[in-house]
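K.L.:
Chain order of the listed sequences is X and L. Using our numbering, the first residue of the first sequence is number 1, and each one after it goes up by one. Using our numbering, the first residue of the second sequence is number 1, and each one after it goes up by one.
Among the hints, a few may not be true.
Same chains, same names: a pair is fine if it fits in one copy or spans any two.
[What the hints assert, rightly or not] As a list, the in silico DSSO-like pairs of lysine-lysine whose alpha-carbon atoms are at most 30 Å apart:
id, residue 1, residue 2
1, Lys203, Lys310
2, Lys125, Lys39
3, Lys280, Lys265
4, Lys257, Lys203
Derived from the structure by calculation, the hints contain no laboratory data.
The chain contents come next:
Number of protein chains: 2
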Amino acid sequence: MTTMPMQTHQPQRNWALTSVSADAVVQATGAQQRRAIAKSITLLESTRADHRVQADELLTALLPHTGKSFRLGISGVPGVGKSTFIEVLGLYLIGQGHRVAVLTIDPSSTVSGGSILGDKTRMEKLSVHEHAYIRPSPSSGTLGGVAEKTREAMLVCEAASYDVVIVETVGVGQSETAVANMTDMFVLMQLPNAGDDLQAIKKGVMELADLVVINKADIDPHAATRAQAQITSSLRLLGLHGNPEHAHHNEAIWHPKVIQISALKGQGVETFWASVQHFKALQTQSGNFAARRQQQSLAWMWERIDAGLKQAFRQHPQVQALLPQLTQAVLEGRMAASTAARNLLSAQINRA
Amino acid sequence: MTTMPMQTHQPQRNWALTSVSADAVVQATGAQQRRAIAKSITLLESTRADHRVQADELLTALLPHTGKSFRLGISGVPGVGKSTFIEVLGLYLIGQGHRVAVLTIDPSSTVSGGSILGDKTRMEKLSVHEHAYIRPSPSSGTLGGVAEKTREAMLVCEAASYDVVIVETVGVGQSETAVANMTDMFVLMQLPNAGDDLQAIKKGVMELADLVVINKADIDPHAATRAQAQITSSLRLLGLHGNPEHAHHNEAIWHPKVIQISALKGQGVETFWASVQHFKALQTQSGNFAARRQQQSLAWMWERIDAGLKQAFRQHPQVQALLPQLTQAVLEGRMAASTAARNLLSAQINRA
Numbered sequence: 001m002t003t004m005p006m007q008t009h010q011p012q013r014n015w016a017l018t019s020v021s022a023d024a025v026v027q028a029t030g031a032q033q034r035r036a037i038a039k040s041i042t043l044l045e046s047t048r049a050d051h052r053v054q055a056d057e058l059l060t061a062l063l064p065h066t067g068k069s070f071r072l073g074i075s076g077v078p079g080v081g082k083s084t085f086i087e088v089l090g091l092y093l094i095g096q097g098h099r100v101a102v103l104t105i106d107p108s109s110t111v112s113g114g115s116i117l118g119d120k121t122r123m124e125k126l127s128v129h130e131h132a133y134i135r136p137s138p139s140s141g142t143l144g145g146v147a148e149k150t151r152e153a154m155l156v157c158e159a160a161s162y163d164v165v166i167v168e169t170v171g172v173g174q175s176e177t178a179v180a181n182m183t184d185m186f187v188l189m190q191l192p193n194a195g196d197d198l199q200a201i202k203k204g205v206m207e208l209a210d211l212v213v214i215n216k217a218d219i220d221p222h223a224a225t226r227a228q229a230q231i232t233s234s235l236r237l238l239g240l241h242g243n244p245e246h247a248h249h250n251e252a253i254w255h256p257k258v259i260q261i262s263a264l265k266g267q268g269v270e271t272f273w274a275s276v277q278h279f280k281a282l283q284t285q286s287g288n289f290a291a292r293r294q295q296q297s298l299a300w301m302w303e304r305i306d307a308g309l310k311q312a313f314r315q316h317p318q319v320q321a322l323l324p325q326l327t328q329a330v331l332e333g334r335m336a337a338s339t340a341a342r343n344l345l346s347a348q349i350n351r352a
Numbered sequence: 001m002t003t004m005p006m007q008t009h010q011p012q013r014n015w016a017l018t019s020v021s022a023d024a025v026v027q028a029t030g031a032q033q034r035r036a037i038a039k040s041i042t043l044l045e046s047t048r049a050d051h052r053v054q055a056d057e058l059l060t061a062l063l064p065h066t067g068k069s070f071r072l073g074i075s076g077v078p079g080v081g082k083s084t085f086i087e088v089l090g091l092y093l094i095g096q097g098h099r100v101a102v103l104t105i106d107p108s109s110t111v112s113g114g115s116i117l118g119d120k121t122r123m124e125k126l127s128v129h130e131h132a133y134i135r136p137s138p139s140s141g142t143l144g145g146v147a148e149k150t151r152e153a154m155l156v157c158e159a160a161s162y163d164v165v166i167v168e169t170v171g172v173g174q175s176e177t178a179v180a181n182m183t184d185m186f187v188l189m190q191l192p193n194a195g196d197d198l199q200a201i202k203k204g205v206m207e208l209a210d211l212v213v214i215n216k217a218d219i220d221p222h223a224a225t226r227a228q229a230q231i232t233s234s235l236r237l238l239g240l241h242g243n244p245e246h247a248h249h250n251e252a253i254w255h256p257k258v259i260q261i262s263a264l265k266g267q268g269v270e271t272f273w274a275s276v277q278h279f280k281a282l283q284t285q286s287g288n289f290a291a292r293r294q295q296q297s298l299a300w301m302w303e304r305i306d307a308g309l310k311q312a313f314r315q316h317p318q319v320q321a322l323l324p325q326l327t328q329a330v331l332e333g334r335m336a337a338s339t340a341a342r343n344l345l346s347a348q349i350n351r352a
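Go ahead and model the full structure; you've got the sequences and the hints to work with.
P.N.:
Quick look at the structure:
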């Protein structure tokens, strides 16, 4: 049977929405639910305009079922042992009756197409467990775009009743800030190396940490203890006054802890989770838990607006026509930078 | 004689350009030049659209005469002794044959209308010297707007042959970053108090410093020496790797120094200026001097574009109509932040 002309006018969105229903994400179980989650996230990651409309409708339908998970950010440089730790932690949590989703923001994957973090086989047992869902990093787009897709994927996982969502990232670029800004608690993993913590301070990552975990503590217990003292001291100094610009814990309620673990030997996971539970309880009692999420949502909205405004500006034909020569004039000192900015802004408004 | 109707149609811009000519700024001397500078800066600070057109023409006419000064940023908390130091330094430089302009970015003046820094009488001798020009902070607008006016005022001063332009700011908010991003060298003034440097590290200001000056060293020499050792150590640690996102010195060429002075007693000013000259020579030889200025110009252009895009967005009637309800929906968890962002961006494009 050939396709009728009328059918080609049938809106794509109706068809696609049927194929990825919010109900399937929320109510299905097992393999059926996994397929619905995977389809949903693929839809969210699509750059096609009609897909984006469907994706927004899907998100809105899912939203009442979201927000009930604990969102845990985990960051650390390559080699710190994130995968090993998340595997051990994830299996421990499943043993406690939780359902665990692991999402990833890997800035390197947007550059190379490859991925430091995306390989599911890094977490052999967790990745095949029926109560775990592991999704590698979106592999294209700016960091802001990747972070947006990951935030949305987090909502899908929450709607599918995953009650612990782990967002991991590697210590590269601004990805730690992105993860800290979408999670209820931000954990920084460190090696017991002298100076490791100074890099984290300098990059502004230490300041984001609600909890610092020194991994591989069993290899050199003395170094680990020195690192623990050093980082504790740094955190105390950094915390003297809260930084209102960051979506932080309130120093009056929680002072970031430093603990030692050995993920490879499975040591310290219970202590870690107890610290997380303690933090969560204090944040919830104080109202910071809800306040941090609200602040994150608004900041996220404005971040995406900013990104959208810049993108529209850079894609505007008049701007594209003028930008090279005005940039050159600014670099050669023939035009003041502010004058060039005004000219370019006018070019966008007086559109061709 | 009455004004002819035709004359009322004469473009305002021609009249105003005659009244503030680039030539008067560049070629006049003494009181005549001072008046031209003051008129130019007033024109640059005007928010009227027709004034802005004139201001851009004036800037473009002045531009070939700009860029030949050394741009020196000086920051420090209230009470550190900035005015006393700049007075002593300015008079020293004039004694060496320089012409010195002092501009100010005072974030408090945009809030209170008053000013921590704007009072010319703080620098009694310098402010009346014929080879000095002192201009208080623009007293309205956002920090970005104030910074833009100050950058433009700097160009006017350069065109008027001031060969040392000092831009001072108080250690509040993001103004230090703004000053560091418009100067060839950024100097941080500190008191010999324990912990003063930690606040600067935490705020990310220490990282911006090309030179740290410990003032009031004579009051407690031991404390000053301790502070010098502490800050030197911090700078070494912070400088282990250059941060490519900041318009910095290159650590391979210049490692930030820490010196002790007593501005009140006039001690250390020659040492200070020798350090500045050394820095300038190294920066020039390496090409960093020119590269830093080019990078600052481009960053400035994009900063003003971003500010303009955001302003136009927030002022758009459709956005203003939708923003409260969408913000509320995001806060209450009824709409995903990214969906709200897309709706608002669409509202601006599909203008009423």
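K.L.:
Take the hints in turn and mark each one as holding or not.
P.N.:
We went through each hint and held it up to the structure:
In this homomeric assembly, Lys203 and Lys310 come within 30 Å of each other (Cα to Cα) both inside a single copy, at 25 Å, and across copies, at 27 Å. For the homomeric pair Lys125 and Lys39, the shortest alpha-carbon distance inside one copy (23 Å) is at most 30 Å, but the shortest distance between copies (73 Å) is not. In this assembly of identical chains, the alpha carbons of Lys280 and Lys265 lie at most 30 Å apart only when taken from the same copy (26 Å versus 55 Å across copies). In this assembly of identical chains, the alpha carbons of Lys257 and Lys203 lie at most 30 Å apart whether taken from the same copy (19 Å) or from different copies (21 Å).
Hint violations for this structure: none, all hints satisfied.
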